[in-house]
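S.K.: Sequence:
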Amino acid sequence: MPIQWREQFNVGTDLIDSDHQYLLEIINKAERSLLTDNFHQLTALLDELARYGKMHFEREEIIARAPGYPIAGQLRVSHGQPVAKLAEFCHGLDTVWTQDSIAAFTSFLRDWLLNHVIKEDMLMKPWLTKHSLRFDPR
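Using this note's numbering, you'd call the opening residue of the sequence shown number 1172 and step up by one each time.
Hints may be right or wrong, so weigh each one.
[Unchecked claim] The calculated lysine-lysine pairs, modelled on DSSO-like cross-linking and capped at a C-alpha distance of 27 Å, are:
#1 K1200 - K1290
#2 K1301 - K1256
#3 K1225 - K1301
#4 K1200 - K1225
#5 K1290 - K1301
#6 K1290 - K1225
#7 K1225 - K1296
#8 K1225 - K1256
#9 K1256 - K1296
#10 K1200 - K1256
These are computed hints drawn from the structure, not numbers from a lab.
The structure displayed is predicted, hence computed values, not measured ones.
Produce the complete structure using the sequences and hints provided.
M.R.: Printed below as a string of structure tokens:
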């Protein structure tokens, strides 16, 4: 079942919220591709997830370098972990997918996004709410 975007996922800036919504869309499509054995589409989606995720993380790291940002050092470390795990799964695309590996992969994608948004990025919300009108990390 696809993850639905909820208002409580918003972190306080349209740019980051749009990124999160797009990442969620890619993850939902990747899950559908896995469930329908469309591995060609899955490969393209994972490439897009890696590309867009990297760009998104770079935006957040720009925010974290802004004067007065409270948890700057933690962000880069937390961003490296899902990227490495995604690369590990992508490396396994040449192997046969089982129900267990599909379940593990979809669980990883869901957990990564939800943990990233709800646990990590919500820490940015108070700062973003206060500074969003004056700060655009593009």
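S.K.: To test your reading of the hints: which numbers does this structure violate?
M.R.: 2
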